[in-house]
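J.: The residues making up each chain are set out below.
Number of protein chains: 2
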Amino acid sequence: MRMPFLPDLLPASSGEEITRGFLQELVNILFTYICKSSQRSSKTQGELTLCLHQLIFCLTLTDAFPGHPRFFNQLSSGLDVIGTAAEWLISTANTNMFTYEVSPVFILMEEVLLRKMQSIVGWSSGEGDGIFCPGGTISNLYSILVARYHFYPEVKTRGMGVLPQLGIFTSEHSHYSVKKSAAVLGLGTENVVVVKCDERWVRKMIPAELESSIVTAQEKGLVPFYVNATAGTTVYGAFDPLDAIADICHRHSLWMHVDAAWGGGLLMSDRHRMKLQGIERAWSVTWNPHKMMGVPLQCSAILVKKRGLLRQCNELGAEYLFQADKHYDVSYDTGDKSIQCGRHVDAFKLWLMWKAKGSQGFGAQVDKCLENAEYLYDQLQRRTGFELVYKNKPEHSNVCFWYTPPSLRGLPLGPDRDTRLHQVAPQIKGRMMEKGSVLIGYQPLGAKVNFFRCVFSNPATQQEDIDFLLDEIIRLGHDL
Amino acid sequence: MRMPFLPDLLPASSGEEITRGFLQELVNILFTYICKSSQRSSKTQGELTLCLHQLIFCLTLTDAFPGHPRFFNQLSSGLDVIGTAAEWLISTANTNMFTYEVSPVFILMEEVLLRKMQSIVGWSSGEGDGIFCPGGTISNLYSILVARYHFYPEVKTRGMGVLPQLGIFTSEHSHYSVKKSAAVLGLGTENVVVVKCDERWVRKMIPAELESSIVTAQEKGLVPFYVNATAGTTVYGAFDPLDAIADICHRHSLWMHVDAAWGGGLLMSDRHRMKLQGIERAWSVTWNPHKMMGVPLQCSAILVKKRGLLRQCNELGAEYLFQADKHYDVSYDTGDKSIQCGRHVDAFKLWLMWKAKGSQGFGAQVDKCLENAEYLYDQLQRRTGFELVYKNKPEHSNVCFWYTPPSLRGLPLGPDRDTRLHQVAPQIKGRMMEKGSVLIGYQPLGAKVNFFRCVFSNPATQQEDIDFLLDEIIRLGHDL
Numbered sequence: 022m023r024m025p026f027l028p029d030l031l032p033a034s035s036g037e038e039i040t041r042g043f044l045q046e047l048v049n050i051l052f053t054y055i056c057k058s059s060q061r062s063s064k065t066q067g068e069l070t071l072c073l074h075q076l077i078f079c080l081t082l083t084d085a086f087p088g089h090p091r092f093f094n095q096l097s098s099g100l101d102v103i104g105t106a107a108e109w110l111i112s113t114a115n116t117n118m119f120t121y122e123v124s125p126v127f128i129l130m131e132e133v134l135l136r137k138m139q140s141i142v143g144w145s146s147g148e149g150d151g152i153f154c155p156g157g158t159i160s161n162l163y164s165i166l167v168a169r170y171h172f173y174p175e176v177k178t179r180g181m182g183v184l185p186q187l188g189i190f191t192s193e194h195s196h197y198s199v200k201k202s203a204a205v206l207g208l209g210t211e212n213v214v215v216v217k218c219d220e221r222w223v224r225k226m227i228p229a230e231l232e233s234s235i236v237t238a239q240e241k242g243l244v245p246f247y248v249n250a251t252a253g254t255t256v257y258g259a260f261d262p263l264d265a266i267a268d269i270c271h272r273h274s275l276w277m278h279v280d281a282a283w284g285g286g287l288l289m290s291d292r293h294r295m296k297l298q299g300i301e302r303a304w305s306v307t308w309n310p311h312k313m314m315g316v317p318l319q320c321s322a323i324l325v326k327k328r329g330l331l332r333q334c335n336e337l338g339a340e341y342l343f344q345a346d347k348h349y350d351v352s353y354d355t356g357d358k359s360i361q362c363g364r365h366v367d368a369f370k371l372w373l374m375w376k377a378k379g380s381q382g383f384g385a386q387v388d389k390c391l392e393n394a395e396y397l398y399d400q401l402q403r404r405t406g407f408e409l410v411y412k413n414k415p416e417h418s419n420v421c422f423w424y425t426p427p428s429l430r431g432l433p434l435g436p437d438r439d440t441r442l443h444q445v446a447p448q449i450k451g452r453m454m455e456k457g458s459v460l461i462g463y464q465p466l467g468a469k470v471n472f473f474r475c476v477f478s479n480p481a482t483q484q485e486d487i488d489f490l491l492d493e494i495i496r497l498g499h500d501l
Numbered sequence: 022m023r024m025p026f027l028p029d030l031l032p033a034s035s036g037e038e039i040t041r042g043f044l045q046e047l048v049n050i051l052f053t054y055i056c057k058s059s060q061r062s063s064k065t066q067g068e069l070t071l072c073l074h075q076l077i078f079c080l081t082l083t084d085a086f087p088g089h090p091r092f093f094n095q096l097s098s099g100l101d102v103i104g105t106a107a108e109w110l111i112s113t114a115n116t117n118m119f120t121y122e123v124s125p126v127f128i129l130m131e132e133v134l135l136r137k138m139q140s141i142v143g144w145s146s147g148e149g150d151g152i153f154c155p156g157g158t159i160s161n162l163y164s165i166l167v168a169r170y171h172f173y174p175e176v177k178t179r180g181m182g183v184l185p186q187l188g189i190f191t192s193e194h195s196h197y198s199v200k201k202s203a204a205v206l207g208l209g210t211e212n213v214v215v216v217k218c219d220e221r222w223v224r225k226m227i228p229a230e231l232e233s234s235i236v237t238a239q240e241k242g243l244v245p246f247y248v249n250a251t252a253g254t255t256v257y258g259a260f261d262p263l264d265a266i267a268d269i270c271h272r273h274s275l276w277m278h279v280d281a282a283w284g285g286g287l288l289m290s291d292r293h294r295m296k297l298q299g300i301e302r303a304w305s306v307t308w309n310p311h312k313m314m315g316v317p318l319q320c321s322a323i324l325v326k327k328r329g330l331l332r333q334c335n336e337l338g339a340e341y342l343f344q345a346d347k348h349y350d351v352s353y354d355t356g357d358k359s360i361q362c363g364r365h366v367d368a369f370k371l372w373l374m375w376k377a378k379g380s381q382g383f384g385a386q387v388d389k390c391l392e393n394a395e396y397l398y399d400q401l402q403r404r405t406g407f408e409l410v411y412k413n414k415p416e417h418s419n420v421c422f423w424y425t426p427p428s429l430r431g432l433p434l435g436p437d438r439d440t441r442l443h444q445v446a447p448q449i450k451g452r453m454m455e456k457g458s459v460l461i462g463y464q465p466l467g468a469k470v471n472f473f474r475c476v477f478s479n480p481a482t483q484q485e486d487i488d489f490l491l492d493e494i495i496r497l498g499h500d501l
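Listed in order, the protein sequences are those of chains F and V. The opening residue of the first sequence carries number 22 in the numbering used here; numbering runs sequentially from there. The opening residue of the second sequence carries number 22 in the numbering used here; numbering runs sequentially from there.
Just chain F, same shape as in the assembly:
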């Protein structure tokens, strides 16, 4: 399996020709992959055969095609050619975000993007800070970390032992990263108070429930300090009422974070950005351009309203990196704002895509995905055998539904039918994976048995793909 040519590749002297041949062969393969993953006739899990003949090397990868127009499995999908090109460039530059001296241009691009995103959130030009980091969970972790430091700066040196028992508030439909971060940061998952949502209608956090949870927690000896509002929940795509939550946070002097990892993309759309009304009142915001905006993985930003806080919270001033006597403005050495040391260049992908598409392009992409969701919502109501988990028109691109095979349709509602219906989605998904025609997620939630969750974030998806999905579910599930 050793590649005999290896010593001849660059940086070997006169290695140009063989290196060019190697990369050219690779690019031909990748190009074929890109074409294949965008074709509807391909499977949603595909083979990528990496046969570099010239170099006596062959490998077949079998993985999902998140770029396929019929991949509805995850919040991030699609394959953006400009974003992919940017990632190729980043990996070739192979540099690191910790100091301005090694990445001056990338650092400045990150600053420009953060400012742009802050202004879209609605913060004034005098406020706002932030950093790109590896995923929305880490972004949410940053928000709690910074909030804790804001109220209790002594925690950095003295630890949680000198603090009261802190309490965090988040809705039952929020992402699990809030609890995960509470575990990591030493706050404890039990001290994450789960606030009820309006289950009958909108799946949004109920403001009155938040307020009463805060009061109850205080009575039990918890000290509330942080509220997470979700803009675009993972399963239902619901938007918490940000203005009402901001009022409560203001009244109780709590840090308000908005987890807009999934919903942040809607800020780019004139038609949909009102769903995030009130986000400008947040003290911090998580926004993942790698989800709704189609940037290649990973690209997530944590935005913090109060300038300087990120640095104060995280800086340790290691002298081997952050010398104060450097021959440039060291405020550009943004590495000490980070909980990482080395940091991958994630900002450039977003920067190049923004240059290419413009804000309008992103807006159009978002509109397209939400139109697809509405189309699916309409179809589900027209077709036999499908039932919406949630009757209202979707706010985001998530659409949740059951498929009931003919054999179950006559059964009375009750535990027996539930048990059988619970097995339908996994069985259909198993058949889908075997066939590779389409990929969609499912899960149970609360008392609800397994249902399908379709999410649209790939602008390449067309109505015909949605028709195909429903036809395919019937084809694969009608005999169950």
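Think of the hints as simulated: they come from the structure by calculation, not from any bench. Virtual Cβ for every residue (Gly too), placed ideally from N, Cα, C.
Under 10 Å between C-beta atoms, here's a sample of chain F residues computed to sit facing chain V:
(1) K201
(2) N309
(3) I360
Following the hints, complete the assembly by docking chain V onto the known chain F.
T.: Chain V alone, transformed into the frame defined by chain F:
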């Protein structure tokens, strides 16, 4: 700046041709960059002009060339063509590591690599767990997180409030990520006890100092639970005495972590791996293949000896990702071991490079870098005006030294000379950056004024580059 061609790129129908043209143009540019960065006649900071003429788009990036054979600024340098090719492939696949269903092959590759690395560390086949994560700081954070959970599993749900005041031990030359993690995890930087090193000779943690620090900390009411030993310190490249530290950890029932982010690469070399003697006794190990092994950024692993602990510590079992009724063995859904949710595919770069070079190839690369360090060490002793910070032969590829310009050579040792010598390295570095001929880091440390730190991790560096570095320092600094 909008690109007018954009709507014609894939996934647009019949977008193949224009997409191929776009990618081909990009690859030509990247290939030119790769050639340029490997040429000694290029600058160490370079321009990458991204002019996609066909597409009416032009951009000039000016950043450091970490791939340049005369880039000695950071622990990660070099540009490995196989690693870069792997990264191009990963970004084209654009998949995510959270579940087996979307990344079956990449998940299996990660498992294979983790097992391989565990066996190289010296753990038996019945033990060992781990995960790839975004950088050594996060890996070290994992080690403390898991250690805390091991001793106090209730911390996950109840938080630090119910725990005693915990103490961490690490040497004064260890990486700042230990303190950073202590701040993030809510332990507090003050509860990181800094253990003295042998300053006269080897810059290694003094085992007797560790033991007395543990006893003193206990007397002050701290509960010791975790010791970090460093295999390859950031500035000096020293290796802590792992066996002696393991004895102490065993005696006091403490978690022993080895931060081999920088030194782990030496395990690949038959000649140098004895420097990590005792690492097999560690309970966890950080090892960054993106440093000494030349894998493109980022590629870092945290290895944990006790199987299952990572998952128990971090799992929350979100049902929308980790359904137990999936139609495959869900133990391959490794995402819940992670503190991230989405996770970039970092393992494949290392996998492909390992296939290409073999263990021997990595070993030869490490040997080459250490030979370069020895050559520099010899030259520094022969040449006038240079002084080693540390007289012993380097153990790793770090070499630290002062350059004393002629005007300072007659001065008596003392504060006046120190003040002037302190300014020499920053001034020379400023001139280097302006000229772009070579890039090297500097820092003060303790009572020592600014000195140069040269690190070799790029196997393309030759002795002529080292001669050039010293000549250039004299050229740029002799008039100071």
